[in-house]
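Starting from the given sequences, assemble the full structure and let the hints guide the process.
Protein chains: 2
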Amino acid sequence: MSSSELLSRQNLTGLLDSVDTFIFDCDGVIWKGDNLIQGVSQTLDFLRSKGKNLVFVTNNSFKSRAQYAQKFQFLGISVSPDEIFSSSFAAAMYLKLNNFPPQNKVYVIGGDGILEELRLAGFTAFGGPEDSNKTVDLKQNIFFEHDKSVGAVVVGIDPNINYYKLQYGTLCVRENPGCLFIATNRDAVGHMTAWQEWPGAGCMVAAMCGSTQKEPIVVGKPSTFMMAFLLTKFNVSVSKMCMVGDRLDTDILFGQNAGCKTLLVLSGCTTQSALQDPSNNIHPDYYTNKISDMLDLLDT
Amino acid sequence: MSSSELLSRQNLTGLLDSVDTFIFDCDGVIWKGDNLIQGVSQTLDFLRSKGKNLVFVTNNSFKSRAQYAQKFQFLGISVSPDEIFSSSFAAAMYLKLNNFPPQNKVYVIGGDGILEELRLAGFTAFGGPEDSNKTVDLKQNIFFEHDKSVGAVVVGIDPNINYYKLQYGTLCVRENPGCLFIATNRDAVGHMTAWQEWPGAGCMVAAMCGSTQKEPIVVGKPSTFMMAFLLTKFNVSVSKMCMVGDRLDTDILFGQNAGCKTLLVLSGCTTQSALQDPSNNIHPDYYTNKISDMLDLLDT
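Protein sequence lines, in the order shown, are assigned to chains A and B. Letter by letter, the first sequence follows residues 274 to 573 of the numbering used here. Letter by letter, the second sequence follows residues 274 to 573 of the numbering used here.
Incorrect hints may appear among the rest.
No copy is singled out in the list; a pair is fine if it fits within one copy or between any two copies.
Said to hold, decoys possible - The calculated SDA-like cross-link candidates involving lysine to any residue, where the alpha carbons are at most 25 Å apart (straight line), are:
| hint | residue 1 | residue 2 |
| --- | --- | --- |
| 1 | K407 | Y437 |
| 2 | K487 | L526 |
| 3 | K344 | R392 |
| 4 | K407 | D385 |
| 5 | K407 | N433 |
| 6 | K487 | D522 |
| 7 | K487 | N433 |
| 8 | K563 | Q413 |
| 9 | K344 | I415 |
| 10 | K305 | F416 |
| 11 | K487 | D404 |
| 12 | K412 | N433 |
| 13 | K305 | Q413 |
| 14 | K487 | F416 |
| 15 | K421 | L411 |
| 16 | K325 | D569 |
| 17 | K487 | W468 |
| 18 | K305 | N449 |
| 19 | K412 | S314 |
| 20 | K407 | Q469 |
| 21 | K323 | Y559 |
| 22 | K513 | N326 |
To be clear, the hints were calculated from the coordinates, so they are not data collected in a lab.
In structure tokens, the structure reads:
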């Protein structure tokens with residue numbers, strides 16, 4: 274069993290020397306809900322001043338890249354949409370790179386961000402927020418119609434999940450030949466509010482697995498799809514990348530699956546005792562409380 | 274690989290001679306949605322005239338036994354509530370037989386029938402339909418309160434599934450020490466209407482598995498809990514029981530797990546080609562189109 278090193282002045286100096294691209298998870302690393310984590314802004318400024326590329330990767334598919342850029346701006350951090358990789362965007366890129374026929378439609382269980390990214394990529398998408406208030410009256414003689422031209426159902430976190438959406442998605446996956454079932458991610462829970470975790474995309478995706486008895490294609494972390502896309506875009510070597518995240522089973526596994534260096538921060542959902550529990554078998558290279566520890570360790 | 278015999282005059286005569294109790298699944302065997310399947314009434318009359326015990330077992334937890342007795346009556350069949358075993362009742366009996374402390378509460382994701390059976394068994398239950406119109410405003414500073422005295426979450430089919438219920442159930446299972454997670458059943462889909470299948474309890478149960486990352490205790494078919502209860506109640510030998518159902522992975526497996534004879538009917542969700550597909554490894558003793566084939570085969 275390998276173990277993880279607590280981040281120190283010495284190993285941090287080595288890390289900064291060997292890495293040119295930092296990939297940050299957002300929730301639990303940059304922010305919690307709508308609150309910036311302490312020292313984040315100064316830490317990002319410092320890394321930029323050292324010439325590092327910064328990439329922000331989020332499994333939360335609720336927003337599009339443009340909507341995330343607005344969130345960064347609202348929190349006082351300047352980030353370009355090009356530096357942001359959300360699982361909503363990954364779903365659209367998966368379809369694009371796999372030559373999804375543009376005449377086929379995409380049904381969405383999830384937020385507006387998925388619809389926005391799919392439409393930006395040239396696809397016809399529907400569902401999502403439009404279906405949030407739809408109800409089903411289970412009269413015996415009703416027949417629930419669905420669009421036979423739907424060729425993919427994309428499922429992400431959906432706080433407006435309902436039976437209408439589940440039936441719509443289930444009928445497409447079960448009855449439309451070859452219909453893809455794509456999960457933006459499978460996070461069990463997420464910080465939808467500042468003080469609590471709430472059911473994440475893993476809940477809605479599992480619901481669809483339960484009714485369709487099929488397993489989805491996952492495009493977000495820890496799947497390597499997004500990393501392969503990043504590597505092509507930035508044209509860098511994985512050995513010069515470091516994944517920084519707060520979750521062992523998504524962020525750290527994602528980095529390790531790709532061959533990156535990995536840094537766990539304890540500012541999100543993983544505690545030090547969970548990291549060091551004998552049942553845990555995912556070990557980041559380094560761990561620290563929060564990303565601004567970098568500044569404290571270097572006395573900047 | 275064993276194979277199944279098509280029901281014939283000869284093997285039916287042998288079956289009737291050797292069996293004194295028939296256990297019927299309801300949906301797809303007795304009715305489809307709110308429509309009685311052809312010849313059911315006469316078949317049940319015939320079996321009663323032969324002195325057979327009849328038991329009706331349903332995985333659909335939406336109703337209580339009393340509500341199912343009303344449904345039978347509405348369809349023109351006289352059945353006593355004592356002959357009915359629903360998974361809603363099974364959930365209540367599971368708690369009772371396992372000495373669930375009555376001062377603890379039960380949170381329900383599912384229909385009114387679960388609440389009714391739990392209350393009849395002396396438990397304090399809440400949730401279900403009461404929470405169907407509750408919404409969550411994910412403001413950053415809200416805190417979602419849950420009752421710390423909830424000691425079990427029971428999940429069944431819920432056409433009014435929503436994020437409020439999922440968060441409530443998830444918090445109880447994740448945060449209340451020792452809180453049980455009970456599934457009435459895990460059927461992927463069911464005939465909620467006459468012409469179509471809709472997401473079943475397997476969908477809501479999977480959603481809870483996705484957010485809690487725990488597996489439930491299942492009390493309905495194919496778990497043997499209900500059968501053990503039936504055997505005690507009727508004091509009969511399993512070798513003299515025949516399970517009649519339309520689903521391989523719940524009904525037939527349930528009968529086989531218990532050691533009963535098994536009869537598959539093709540009037541519900543299983544087709545002859547699914548039965549005979551090489552990938553199927555669940556083989557009932559007998560199969561036929563519908564239960565009234567018994568009458569035709571015997572020329573009654």
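Okay, the hints, checked on the actual structure:
Proximity of K407 and Y437 under a CA criterion of 25 Å is satisfied in both settings, with 6 Å inside one chain copy and 17 Å between copies. When the C-alpha separation of K487 and L526 is checked against a cutoff of 25 Å, the pair qualifies both within a copy, at 23 Å, and between copies, at 21 Å. Only within a single protomer do K344 and R392 lie at most 25 Å apart by alpha-carbon distance; the minimum there is 21 Å, versus 47 Å between protomers. In this assembly of identical chains, the alpha carbons of K407 and D385 lie at most 25 Å apart whether taken from the same copy (16 Å) or from different copies (22 Å).
For the identical chains of this complex, K407 and N433 are neighbours both inside a copy (10 Å) and across copies (11 Å), given an alpha-carbon limit of 25 Å. Proximity of K487 and D522 under a CA criterion of 25 Å is satisfied in both settings, with 22 Å inside one chain copy and 16 Å between copies. Proximity of K487 and N433 under a CA criterion of 25 Å is satisfied in both settings, with 22 Å inside one chain copy and 23 Å between copies. For the identical chains of this complex, K563 and Q413 are inter-copy neighbours only, at 21 Å across copies versus 56 Å inside a copy, given an alpha-carbon limit of 25 Å.
For the homomeric pair K344 and I415, the shortest alpha-carbon distance between copies (19 Å) is at most 25 Å, but the shortest distance inside one copy (43 Å) is not. With identical chains, the CA atoms of K305 and F416 are at most 25 Å apart between copies only, with a shortest distance of 14 Å across copies and 43 Å within one. In this assembly of identical chains, K487 and D404 lie within 25 Å of each other by CA distance solely inside one copy; the values are 23 Å within and 29 Å between copies. With identical chains, the CA atoms of K412 and N433 are at most 25 Å apart both within one copy (23 Å) and between copies (14 Å).
Taking identical chains as interchangeable, the C-alpha atoms of K305 and Q413 lie at most 25 Å apart only when they sit on different chains, with a minimum of 9 Å there against 46 Å within one chain. Taking the shortest Cα distances, K487 and F416 sit within 25 Å of each other inside one copy (24 Å), while across copies they are farther apart (35 Å). When the C-alpha separation of K421 and L411 is checked against a cutoff of 25 Å, the pair qualifies only within one copy, where the shortest distance is 22 Å, while the shortest distance between copies is 34 Å. Taking CA atoms no more than 25 Å apart as the test, K325 paired with D569 passes inside one copy only; the shortest distance there is 18 Å, against 80 Å between copies.
Proximity of K487 to W468 under the C-alpha cut-off of 25 Å is restricted to the inter-copy arrangement: shortest distance 22 Å between copies versus 34 Å within a copy. In this homomeric assembly, K305 and N449 come within 25 Å of each other (Cα to Cα) only across copies, at 24 Å, whereas the closest approach inside a single copy is 39 Å. With identical chains, the CA atoms of K412 and S314 are at most 25 Å apart between copies only, with a shortest distance of 23 Å across copies and 55 Å within one. When the C-alpha separation of K407 and Q469 is checked against a cutoff of 25 Å, the pair qualifies only between copies, where the shortest distance is 18 Å, while the shortest distance within a copy is 28 Å.
Taking identical chains as interchangeable, the C-alpha atoms of K323 and Y559 lie at most 25 Å apart only when both belong to the same chain, with a minimum of 20 Å there against 75 Å between chains. In this assembly of identical chains, K513 and N326 lie within 25 Å of each other by CA distance solely inside one copy; the values are 11 Å within and 73 Å between copies.
Checked against the numbered hints above, the structure violates none of them.
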